[in-house]
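Number of protein chains: 2
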Amino acid sequence: MTITDLKGWTSAFSAALGATDRSALAALFTPTSLWRDILAVSWNLVTVEGADAIVDMVLEMQPQVHLGEISTSAAPGALEGWITFENAFGRGTGYVRLDGGVCLTILTALQSLTGHEEAIGRLRAIGTGRADDKRNWLERRQQEAAELGREIPPYVIIIGGGQGGLALGARLKALGVPCLIIDRHPKVGDQWRSRYKSLTLHDPVWYDHMPYLPFPENWPVYTPKDKMGDWLEHYARIMELDVWTSTECTSASYDATDRQWTVNLMRDGEKFAIRAPHLVMAVGNAGFPNIPAFEGAETFRGTLNHSSQHPGGEGYEGKRVAVIGSNNSAHDICADLVANGAHVTMIQRSSTLIVRQKTMQNVLLAALYSQEAVDQGITTESADLLVASMPLRTQEAYQKQIWQGIRAMDADFYASLENVGFQLDFAEDGSGMAMKYQRTASGYYIDVGASDMIINGRIALRSGVGVKQIVEDGLILSDGSHLAADAIVMATGFGSMDEWVARLISPEVAARIGKCWGYGSGVVGDPGPWEGELRNMWKPTAQPGLWFHGGNLAQSRFYSRYLALQLKVRHAKLPLPIYGEPR
Amino acid sequence: MTITDLKGWTSAFSAALGATDRSALAALFTPTSLWRDILAVSWNLVTVEGADAIVDMVLEMQPQVHLGEISTSAAPGALEGWITFENAFGRGTGYVRLDGGVCLTILTALQSLTGHEEAIGRLRAIGTGRADDKRNWLERRQQEAAELGREIPPYVIIIGGGQGGLALGARLKALGVPCLIIDRHPKVGDQWRSRYKSLTLHDPVWYDHMPYLPFPENWPVYTPKDKMGDWLEHYARIMELDVWTSTECTSASYDATDRQWTVNLMRDGEKFAIRAPHLVMAVGNAGFPNIPAFEGAETFRGTLNHSSQHPGGEGYEGKRVAVIGSNNSAHDICADLVANGAHVTMIQRSSTLIVRQKTMQNVLLAALYSQEAVDQGITTESADLLVASMPLRTQEAYQKQIWQGIRAMDADFYASLENVGFQLDFAEDGSGMAMKYQRTASGYYIDVGASDMIINGRIALRSGVGVKQIVEDGLILSDGSHLAADAIVMATGFGSMDEWVARLISPEVAARIGKCWGYGSGVVGDPGPWEGELRNMWKPTAQPGLWFHGGNLAQSRFYSRYLALQLKVRHAKLPLPIYGEPR
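Protein sequences appear in the order of chains P and A. Residues in the first sequence are numbered from 1 upward in steps of one, following the numbering used here. Residues in the second sequence are numbered from 584 upward in steps of one, following the numbering used here.
I should point out that these hints are in silico values taken from the structure, not numbers from a laboratory. Honestly, I wouldn't trust all of these hints.
[Unchecked claim] Listed next, the in silico DSS-like pairs over lysine-lysine satisfying Cα-Cα at most 30 Å (straight line):
#: 1; chain 1: A; residue 1: Lys717; chain 2: P; residue 2: Lys173
#: 2; chain 1: A; residue 1: Lys854; chain 2: A; residue 2: Lys902
#: 3; chain 1: P; residue 1: Lys400; chain 2: P; residue 2: Lys515
#: 4; chain 1: P; residue 1: Lys187; chain 2: A; residue 2: Lys1098
[Said to hold, decoys possible] Cβ pair distances, simulated, as ranges:
#: 5; chain 1: A; residue 1: Arg718; chain 2: P; residue 2: Gly405; range: 54 to 60 Å
#: 6; chain 1: P; residue 1: Arg122; chain 2: A; residue 2: Met992; range: 46 to 52 Å
#: 7; chain 1: P; residue 1: Ala397; chain 2: A; residue 2: Leu706; range: 48 to 54 Å
#: 8; chain 1: A; residue 1: Gly879; chain 2: P; residue 2: Gln143; range: 39 to 45 Å
#: 9; chain 1: P; residue 1: Gly115; chain 2: A; residue 2: Met992; range: 29 to 35 Å
#: 10; chain 1: P; residue 1: Glu372; chain 2: A; residue 2: Thr962; range: 39 to 45 Å
[Stated by the list, open to error] Chain A stretches covered by chain P per the calculated footprint, using a threshold of three residues with CB under 8 Å from any CB of chain P:
#: 11; region: 692-705
#: 12; region: 812-825
#: 13; region: 968-976
In this text, a Cβ means the ideal position worked out from N, Cα and C, and glycines have one as well.
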């Protein structure tokens, strides 16, 4: 029977799977088909390529996961659309794209565990308490907070109470998994408050919602940093999360015998330890300042700060400031210094991807994350799944096309930047910002005004040069020239997540786990082999009980669901088959 | 042309109005037709009865409000449905019910002012600040908060920072109207936190959303009081409201010459005054404890508290406690005392309406405010408008039917209560709780468990008796019997909103304005004449610049929109025709 649409394809797939018919299954895919599975088949995050590998995975896992019939709401004749299904564990959804009668891409994502659903909607708490419990909500909540991590051990410890840790904490709370969040800042939200003064989010509000509590409809498009900090603080209390602030994780070790972490903490100089079966690193990638060891730095007579210590442009009026770096922070800091009357020189050591914020919104986000999308009924949840439905191989090809369009559309803007010597790139293979972000999480600036300052010379530019050494009154650049400076800001980025593992756990564990983030694209900073998913993120690692969570607000929202489900299924002690488990 | 459906009716109406054809207009209504208008025709909240009065209002106002063509999305043949329209001021919506070709009821409600829309959705702020402004969001917000009420006069002062004041404040903020909220409690939310320990909201979460920021989907059905207090505190900060806490309004006076209020305030013993053109009383009806002057009260050897001072049941174990009253607070306090091991007697001085919370949810609210309603796509906004579309006359008739059903459904429950002597009523005319609430806002208990305690004797009951006097070891009841008590709680209610006017402004102004709340139903506590709307609530009063706002969370949400629009249209200095303006 010829397959002419998605309904036909899902029927054929379900029939072939039901009959364990390897060749019938294989006929539904091609050598370039991509199956992205999030927990539904693999209890892992994997993208499997080609008919053979896909059929191998499905038939290997099927005896344990019992993937049921796949339904689709797609109209007759449609070649792509949403699917839903159940398996032995719960309910899932996904998205399929066909080319004729065969599958180009399929996403399958487990959404809930049957019998262990989130306490939301009709399963939310009643709120009135139990008749035999004299305590009211406040007393119960206070007792719960006082006991967790003391009388009652958490099942999960999350290091880092930024958007990642809080989003995951909220998901775990809704699933009834005891979770303690550790953060070194005095108040929830201080990660954001403590950054440079002019910072606002570069992504728009529609992209940034946290789980369960979307931003209100009067929230600004680009959230200012302090307002973001406040939101996280409110969020933690509204979600009744247990966050220990002013608490630093000094080290952690895993006991393989009783499968428990011992996490050593310090608060107000006092040391103590907590044990838990699972440890989540949600420390973000702005944790360790990356401070190059510039020769002569100690001789500099002015102030020399990493971007994370730079207080903002006030007080710099009339001063000569050199900013080393050319990514987001460097640009924002330069613009703020100029606005405050400083004489600023940006030192661009390597090429940078620039995208105008408006272009980013109109070209890259508008279809799924915009007021127009909301008004057309596109929910955040469906937008997230559509993004997830595109495997990284497909994304690379698609983004190359998009970025050809952007370069043509903003050609005058880019020419003006190049005219003043700014070194542009659009990723090694022209695949643009989204791929740069997923490869190295660096190398770009979303232009909110600094590019115009570079074009019109309000920010002076030295490009294609490095810093040879720092001297008492400025810098010597790699071309031998001298740049006078009263102050230097090093916008030189931050260390990576795997560095935290080496520091907090051990170099051995760090080596065993390997790199976090990146997908093996083969470009500088993200060497192969091709992984098909971000390495070690939100999925089982080679270290039992150790997990990584992070990324921007959209990733924190989306992947927290799946990391929480993986922790919940372990908390519920369900027998757990894992495909492609790292060892 | 015979009118057979709503489409036909709206066409005929628009044609007749366009032609200023009095008799054609009158033919579309009957002597019992009801037109409820919220700002769209009247710039007032009015319900007009009968064809003649309706046509009078419409033709009197039309030269100024220019009500445009009325459209409906109703299907052909439908006898009721939604309408939309524009007028000289903005856009509106409404709902019409027909009986054959004539109108039974019509709601018209102005939703927005053209050119003065709320800064939400696509009109929200960008958030990145202006290029020429070195201040970031935090500095701008801090300056704005520091200046309002000092360098910059507010346009509106709201007395009371509970759900009413905050909801209105958020609406005004979105409309760009400078507004200062005054609250006597140390922290926003303390109105709720300071109430008796076991209190939770009696209305479910779906009924309780605040404007712009709905409760998250994991919020409990019945919000505990402290959690509600925290929510209001977060809400005020998220909405960037200017609330002066620990600040008491001591008096206010209006200068008719320059149309300004002088509002005298006290904070930490310091007195100061602020001026503003508009003053909103959002003090709620739990402001002044209503403390009867019981003879001999000073001789009582135990503790004698009003319900608002009662600390909760802890420490009352083994004590004999008399609770005077039989409404919500009395029942909740009795149940909490029993749970804490006290020997409790409720003194029921007059009959009470009881409804089981489950019955209330399933019968009275489920269709519009429930998880099922949400899952069926009924928005809070459309639910609110459907409720508003039913004029009070229609409500009375409808509620009588509903309550006949409830009495039959819960007949065993009610019989058990009567068996132990509990005196029940269902409002004088059998119209039930919603009408009692709108008439006197008292006389009922939403049963969350205390009724069973009365039925099984855990709460002792003395009904049909008053308190003759208090003696040193208890009370003498009106039948001459003695009731021994170690403690007495007076759950005797609170003073009314108009009392605030007499105290804070003057008895003369209070007398001119007359009663607040109630609609002239003619029952005890709500004497006629019939008003058709709640008296003085959310609408112009006989005192220029004085407004009343309040009610439960649903009313605070819904009516804050229309009170804010009335204040905005004055702030924008638009020429303003008002129908039925009180003088």
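For each hint, the structure was consulted:
Between lysine 717 (chain A) and lysine 173 (chain P) the alpha-carbon distance is near 41 Å, which puts this suggested pair outside the 30 Å criterion. Taking the CA atoms of lysine 854 (chain A) and lysine 902 (chain A), the gap is about 44 Å. The hint is violated against a cut of 30 Å. With a C-alpha separation of about 26 Å, the suggested pair lysine 400 (chain P) and lysine 515 (chain P) falls inside the 30 Å cut-off, and the hint holds. Note on lysine 187 (chain P) and lysine 1098 (chain A): the hinted pairing is violated, with a Cα-Cα distance of about 48 Å set against a maximum of 30 Å.
For the hinted restraint 54 to 60 Å between arginine 718 (chain A) and glycine 405 (chain P), the CB-CB distance of approximately 37 Å leaves it violated. For arginine 122 (chain P) and methionine 992 (chain A), the hinted distance range of 46 to 52 Å is not satisfied, since their beta carbons lie about 22 Å from each other. The hint said 48 to 54 Å for the Cβ distance between alanine 397 (chain P) and leucine 706 (chain A), and at roughly 37 Å that hint is violated. Between glycine 879 (chain A) and glutamine 143 (chain P) the C-beta distance comes to about 42 Å, which sits within the given range of 39 to 45 Å.
In this structure the supplied range 29 to 35 Å holds for glycine 115 (chain P) paired with methionine 992 (chain A), their Cβ-Cβ distance being about 33 Å. A hinted range of 39 to 45 Å for the beta carbons of glutamate 372 (chain P) and threonine 962 (chain A) is inconsistent with their spacing of about 19 Å. By the rule of at least three residues with a Cβ nearer than 8 Å to a Cβ of chain P, the coverage given for the region 692-705 of chain A holds, with 5 such residues. Counting residues of the region 812-825 of chain A whose C-beta sits closer than 8 Å to any C-beta of chain P gives 6, which meets the bar of three, so the coverage hint holds.
Check result for the region 968-976 of chain A against chain P: violated, 0 residues qualifying (beta carbon to beta carbon below 8 Å, three or more required).
Hints 1, 2, 4, 5, 6, 7, 10 and 13 from the earlier list are contradicted by this structure; the remaining hints agree with it.
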